[in-house]
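Participant: Chains as they are written, first to last, in our numbering: chain A, 1 to 254; chain B, 1 to 378; chain C, 1 to 389; chain D, 1 to 178; chain E, 1 to 105.
Treat the hints loosely; a few may be bogus.
Keeping only pairs whose Cα atoms sit at most 27 angstroms apart, straight-line, the calculated DSS-like set for lysine-lysine is [to be verified]:
{"id": "1", "chain 1": "A", "residue 1": "10", "chain 2": "B", "residue 2": "191"}
{"id": "2", "chain 1": "A", "residue 1": "203", "chain 2": "A", "residue 2": "109"}
{"id": "3", "chain 1": "A", "residue 1": "211", "chain 2": "A", "residue 2": "225"}
{"id": "4", "chain 1": "A", "residue 1": "179", "chain 2": "A", "residue 2": "202"}
{"id": "5", "chain 1": "A", "residue 1": "116", "chain 2": "A", "residue 2": "211"}
{"id": "6", "chain 1": "B", "residue 1": "262", "chain 2": "C", "residue 2": "381"}
{"id": "7", "chain 1": "C", "residue 1": "370", "chain 2": "B", "residue 2": "198"}
{"id": "8", "chain 1": "B", "residue 1": "198", "chain 2": "A", "residue 2": "26"}
{"id": "9", "chain 1": "A", "residue 1": "210", "chain 2": "A", "residue 2": "199"}
{"id": "10", "chain 1": "A", "residue 1": "172", "chain 2": "A", "residue 2": "107"}
{"id": "11", "chain 1": "B", "residue 1": "198", "chain 2": "B", "residue 2": "47"}
{"id": "12", "chain 1": "B", "residue 1": "285", "chain 2": "B", "residue 2": "242"}
{"id": "13", "chain 1": "C", "residue 1": "345", "chain 2": "B", "residue 2": "218"}
{"id": "14", "chain 1": "D", "residue 1": "24", "chain 2": "C", "residue 2": "345"}
{"id": "15", "chain 1": "A", "residue 1": "10", "chain 2": "C", "residue 2": "370"}
{"id": "16", "chain 1": "A", "residue 1": "212", "chain 2": "A", "residue 2": "202"}
{"id": "17", "chain 1": "A", "residue 1": "190", "chain 2": "A", "residue 2": "179"}
{"id": "18", "chain 1": "B", "residue 1": "242", "chain 2": "B", "residue 2": "218"}
{"id": "19", "chain 1": "C", "residue 1": "33", "chain 2": "B", "residue 2": "191"}
{"id": "20", "chain 1": "A", "residue 1": "212", "chain 2": "A", "residue 2": "190"}
{"id": "21", "chain 1": "C", "residue 1": "325", "chain 2": "A", "residue 2": "10"}
{"id": "22", "chain 1": "B", "residue 1": "198", "chain 2": "A", "residue 2": "10"}
{"id": "23", "chain 1": "B", "residue 1": "218", "chain 2": "C", "residue 2": "379"}
{"id": "24", "chain 1": "D", "residue 1": "24", "chain 2": "C", "residue 2": "346"}
{"id": "25", "chain 1": "C", "residue 1": "379", "chain 2": "B", "residue 2": "260"}
Chain D regions said to be covered by chain E (calculated; three or more residues, Cβ under 8 angstroms) [unchecked claim]:
{"id": "26", "segment": "60-70"}
{"id": "27", "segment": "133-146"}
In short, the hints are calculated from the structure, not lab data.
The beta carbon of each residue, even a glycine, is placed where N, CA and C say it ideally should be.
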Amino acid sequence: MSLLGGGIFKGMAVTLRNFVGSYFDKERLTTKEYAWRTDDKLPERAGDYPKEEAEQLSDTTTVTHYSRNFPMLLHDEGEPMDTVRCVACQICERECPPQCIYIEKSKDKMERGGNKAQFYPATFDIDVSVCMSCQICVEVCPFDAIVMNSQFELSTPDRFGGLLLRRDDLLKSNDYYHKIHPEEAAARDKRIADEKAAKEAKKKAAEEAKKKAAEAKAKAEAEAKAKEEAESAEKPAEAPAPTHTDAKKEDNGE
Amino acid sequence: MPNYELIQQDGLETSLLEVSMGPHHPSTHGVFRMDVKLDGETVVDLKPVFGYLHRNHEKLAEAMSYLASMPFTDRLDYFNSMTNNWAYALAAEQLIEIEIPERAEYLRVIMSELTRLVNHVSLVGFFVNDLGALGTPLLYAFREREKILDLFEQASGARMMCNYFRFGGLRCDVPEGWLDRTREVVDRFPKFLDEYEKLLCENEIILSRTQGVGNLSKELAINAGITGPMLRASGVNYDIRKVDNYGIYDRFKFRVPYSKGKVGDCYDRFMVRMLEMRESIEILKQALDGIEAGPIMGNAGKVFKPAKAEAYGRVEAPKGELGFYLVADGTTQPYRYRVRPPSFINLTVLQDMCIGQQVADAVIILGSIDIVLGEVDR
Amino acid sequence: MNWELIGDILLATVPLLVIFPSMFALTTWVERKALARIQNRIGPNKVGVPLTPYGGNLSLFGLGQPAADGIKMLFKENIVPTGADRLFHLLAPILSLIPAMLVLCFLPLEFPWLNGEQNSVKAFMLDGAVIFFFAITGLNTLAVFMAGWASRNKYSLLGGMRAIAQMVSYEIPLVLSAVVVVMIVGSLNAAEIAEAQAGWNWYVFQPWGLAAFVIFFIAALAETNRSPFDLPEAESEIIAGYFTEYSGFKFALFFLGEYIAMFAISGLAVTLFLGAGGGPGVEALPWLKVIWFLAKVCILIGVMIWLRGTLPRLRVDQLMGFAWKFLLPLSILNIFIAGFAWHAKKANEGTAVSVIVWVAALIILYAAAKGLDHVNRAKVKPRTYQYGE
Amino acid sequence: MNEVTAFWILAAISVIGALVAVRKRNLVHGVFALLVFFAGLAGLFLLLLAEFIAVVQILVYAGAVGILILFAIMLTDRVTGKDAFRVTSRGSFWGAIIALAVFLVILLPTIREIPLIENATPKDMIVEQSSVKELGTKLIEPYIVTIEVLALLLTAALIGAVTAAQGGRASEKGENTE
Amino acid sequence: MTLALHHYLILAAVLFCIGLLGAFSRRNAVVVLFSVEIMLNAANLNFIAFWRFGTNPELLHGPLFTLFTIAVAAAEVAVGLALVIAVYRHFRSVDLESLDTLKEE
């Protein structure tokens, strides 16, 4: 025989425990009071609401290092458009599931970071009202040019243009990327560095091999020459054949 | 003016009241409509109307690459994006020879069982909310759900639309320390469940509101193709994790709770879910013990281009059997893409369960079916 | 003109019109805050005294929230649905507030500035205060019906009909449990009932009084449409019941009426069972009586909020069954037990006898309640489940 | 504000309430007008120092009878409460004539009696003599048989009403009613 | 001017005749029930008035009789409305003029 209304009393005990616990137990009260400003002041006017970028990023209650929101374009140190990684290959545009990316290739080519001159995006628009933050563009990008931003305060009074992010809005530095996603950025940079190192190593190896080959060739030639010279001392010596630029060209073409 | 139809009942002649509950109604769990004919408070006829959230999911998928559909599967049952991803990945992986690394399999199980916890705990909260509690159980449920969603966010970058699974593995590895945090959450969960059970399972009002309400017989449940906890609440021992042993479920020891009776009512459906959560915790503990370091992506190529074939992949989603049927025609896009949504098929018996019940019962019966309109309407 | 009488009336009514609406404002804040804490939230915490031009503001734990809500309600558009009965749609909220305000007069609040001897509210020293209370609260039903019918909305109509059925049914156990006290005191006068309980002689300490108090409190919850009997406003079923179509100030009036009715009925419970203004220190400082009275009312309101945070609601047939098959037989039995206990006490004054009577009455009442519960909910019990490997 | 003003106001309220109740086409409006009439009458009872009767008037008429009539309207007519057919009956003209005649017939003797009855018992005495306790004692002692008969009548009416309203069908079905 | 018995008597007469008018002129059975209630209440007013202004108020005849009337009236309303509902169920109408089966069939 159970107590009359015992289940109700048990439930009331649970709610009472939660009521009291919410004042003492961090585990129970998981919500946090949302401060308007760090200096605990009200915003000066209603239009103040979309916060400054730095402030948004410092607000770790809403944004963690793992959050992804909308894509952005990465550029390396220097002027954004001079160092943008994107080469307007349009793979992301093709793969984007909701098709929110629009890219126009540039007419001319541009050289970045000592690499071969490539196209750059003349237009790069992302309609974030359509984007669903799926990160597929990031996955398919072969140049590590597009990554996810965690900025979320994008509210705007402009109904049509306001949510269409243009190329210049999207361009963010690699430092910024490191700030918002330190682990991911470090991993990515490491991978790029590894790849680059691997490439360098390969290049070096190739160069060395070439050098060796050239040396060998030169040697052989020299020997041959010597031989020839020995054979006919009248003929003048030829310039050595190996060229640095050729090797580089070959490497870039991979 | 509404249609009134004269009816005879108990010798008292009254007129029927036609109420269109929804699509804007607090307890239809989205944009769902029930055209209810009421005799006083009793439901004499009920017609479910849906399609308000139709997004052309299946046809869209036929016009884009296999991978591009993956984020869209998140939006089917937006409570359980991980299991949706898994079902789709399973189907696609059957189309092509692909090897899934060990660590990825373990993480898939962990994610899927965490999803089950998320779904069941909030379903119980919503259900009790439909019963009329002022959100208290729901908010306790959401408090716990938040902790799991934080884990999802750390792993995949998003809380709900995770888009985490890939053909042949997972998109990325979990960050450092994630497994420890998960273990902490999992270890604490039973304590919360005890409290939750104390709050709900013995409450006289809940008992008398749910028992004998929304009866679904075993035969009807089987014939209507009901799956998941709802089928088990009607007394059928059927769980795809046991039947198919997909993934690595055969390595874990767990039990499947099901009802003793031949008829399942709302109380059974509620309790089966409560008990399933405990089993999920067991699986999670075993999986967290068993997981080892390793790669998370197999030998999958960059371009997914299967040969001509058909495949059907199904998982035990928290709501029931979630299946994806794919027909490949040798291109990078599926020729046919079809979802078997558990919510939709479980919803088909709504009318049978509701007729003769009170209008307040119709609401909780709908709640106990556990539908998500994103999946019903696709 | 009888200026003295008018002065008395003003002195008696103006405090009521000040105290209870301000308590209403405070209660909405307390309720939101308490429910939030029960649900592990924070609740209103921003609105306070806006001093933005002077740099910063006072948030005061969100105490400004009721004022902000009130201002918002006042300035909202008054929407009357097409096809609604405009006159009744307007009258219903007013009619729901009037009886609630009116019955406050019958509470034995002994304001120190009044020169009445028995009942502080001299102007309303009615002989049949308790029955007047029930008569006037009964009018609330009409307001609810009016709102439900005039809105020309099916949910409103359903809610209105539910409300009527519920209020009419629960009035019976409510009155029957009050009858016990009236019977023992031998008066319907609230002041006399309060006086009879002076000096910790509260009726809630008697077994029949305890039972009557519990029945009264449950029925009061139903009368004021509080959880778990909030079927007329069941959000998950019929949107907001009879005030689905109300917004703005009319809704605020309904809201106010509902809370004032809560205070009134809690006040009656305090009068009947909890010793009215009695409490420590009232002999020395008579003005403490008002404080004690209001404090007890607040405790009852707190329990109502606590219940609201815990319980789901009943179904219509269960609600009716509970009133007619559980509360009604129990309260009738309670009347008999009260009569027997009273006679037993009168016959012999010994402590032993009174203790035996006390315990026996409690056991009988509990057994009866248990038996009724068992009969009513024979099939309802927790189940066990089997597991497939 | 003295008693006379109160009387005229209350009289006006009850007469208007009664007239509207009788003439209004919309039945629900009619019921609420009837309730206004009852309330006005309760006020008049208070004016006549019959406090307890006023309470009972409100409790029974406004609380119970009004609700009962509303339920009957909801069960018999459309929920709009509008009369679907012609309001007045065939003999309404003659009805009005008869009503007027009756009024005159009642009124003439009343007017003639006016000078005879004017001295009333003082207020305080009435209040003292008509307390609820006094009324209860009277009800128990001389009228105990009446009240028992009344209780029987009410029970019979309750059973009769339920039987009549439920009709033959429910009794055939047996104790199926929840 | 002071209030005297005749004020109340005339008021009661007016109310009674309004009730009579309603009972005679309306076709809806429910309205006829209203009218009967109005007449009964007019009579009650008379009882109370005579008690107040008459001799021997300590006997409380007026209030007691009114109490009984109210009880009987409540019973009458309950039965009357039950009959109205029964009639409605049978004829699908509460129009008193259409309830003439005894006359024509």
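Participant: Determine for every hint whether it applies to the structure shown.
Facilitator: Hint check results:
1. Between residue 10 (chain A) and residue 191 (chain B), the direct Cα distance comes to roughly 16 angstroms. Compliance with the 27 angstroms bound is thereby established for this hinted pair.
2. With a CA separation close to 24 angstroms, the supplied pair residue 203 (chain A) and residue 109 (chain A) stays within the 27 angstroms bound.
3. For the hint pairing residue 211 (chain A) with residue 225 (chain A), the CA-to-CA distance comes to about 19 angstroms; that is within 27 angstroms, so the pair holds.
4. Restraint check for residue 179 (chain A) and residue 202 (chain A): the C-alpha separation of about 32 angstroms exceeds 27 angstroms, so the hint is violated.
5. Note on residue 116 (chain A) and residue 211 (chain A): the hinted pairing holds, with a Cα-Cα distance of about 22 angstroms set against a maximum of 27 angstroms.
6. Distance hint between residue 262 (chain B) and residue 381 (chain C) is fulfilled; the C-alpha atoms sit about 17 angstroms from each other, no more than 27 angstroms.
7. With a C-alpha separation of about 21 angstroms, the suggested pair residue 370 (chain C) and residue 198 (chain B) falls inside the 27 angstroms cut-off, and the hint holds.
8. For the hint pairing residue 198 (chain B) with residue 26 (chain A), the CA-to-CA distance comes to about 21 angstroms; that is within 27 angstroms, so the pair holds.
9. With a C-alpha separation of about 16 angstroms, the suggested pairing of residue 210 (chain A) with residue 199 (chain A) holds against the 27 angstroms cut-off.
10. Between residue 172 (chain A) and residue 107 (chain A) the CA atoms are separated by roughly 23 angstroms; this keeps the pair inside 27 angstroms, and the hint holds.
11. Taking the CA atoms of residue 198 (chain B) and residue 47 (chain B), the gap is about 36 angstroms. The hint is violated against a cut of 27 angstroms.
12. Annotation: proposed proximity of residue 285 (chain B) to residue 242 (chain B) holds, straight-line Cα distance about 18 angstroms (limit 27 angstroms).
13. A hinted pair counts as satisfied when its Cα atoms are at most 27 angstroms apart, and residue 345 (chain C) with residue 218 (chain B) does not qualify at roughly 61 angstroms.
14. Distance restraint check for residue 24 (chain D) and residue 345 (chain C): the Cα-Cα separation of roughly 58 angstroms exceeds the 27 angstroms cut-off, and the hinted pair is therefore not satisfied.
15. For the hint pairing residue 10 (chain A) with residue 370 (chain C), the CA-to-CA distance comes to about 18 angstroms; that is within 27 angstroms, so the pair holds.
16. Between the alpha carbons of residue 212 (chain A) and residue 202 (chain A) the distance comes to roughly 15 angstroms, so the proposed pair stays at or under 27 angstroms and holds.
17. For the hint linking residue 190 (chain A) to residue 179 (chain A), the alpha-carbon distance of about 16 angstroms falls within 27 angstroms, and the restraint holds.
18. For the suggested pair residue 242 (chain B) and residue 218 (chain B), the alpha carbons sit about 20 angstroms apart, so the restraint of at most 27 angstroms is met.
19. For the suggested pair residue 33 (chain C) and residue 191 (chain B), the alpha carbons sit about 26 angstroms apart, so the restraint of at most 27 angstroms is met.
20. About 31 angstroms separates the Cα atoms of residue 212 (chain A) and residue 190 (chain A), which puts this hinted pair outside 27 angstroms; it is violated.
21. Annotation: proposed proximity of residue 325 (chain C) to residue 10 (chain A) holds, straight-line Cα distance about 24 angstroms (limit 27 angstroms).
22. A distance of roughly 6 angstroms separates the Cα atoms of residue 198 (chain B) and residue 10 (chain A); the hinted pair therefore holds under the 27 angstroms criterion.
23. The suggested pairing of residue 218 (chain B) with residue 379 (chain C) holds, with an alpha-carbon distance near 20 angstroms, which does not exceed 27 angstroms.
24. Pair hint residue 24 (chain D) plus residue 346 (chain C) does not hold up; C-alpha atoms about 58 angstroms apart against a cutoff of 27 angstroms.
25. For the suggested pair residue 379 (chain C) and residue 260 (chain B), the alpha carbons sit about 16 angstroms apart, so the restraint of at most 27 angstroms is met.
26. With 6 residues having a beta carbon nearer than 8 angstroms to a beta carbon of chain E, the segment 60-70 of chain D meets the requirement of three or more and the stated coverage holds.
27. Counting residues of the segment 133-146 of chain D whose CB lies closer than 8 angstroms to any CB of chain E gives 6, so the stated coverage by that chain holds, three being the minimum.
Hints 4, 11, 13, 14, 20, 24, counting from the list given before, are not met by this structure.
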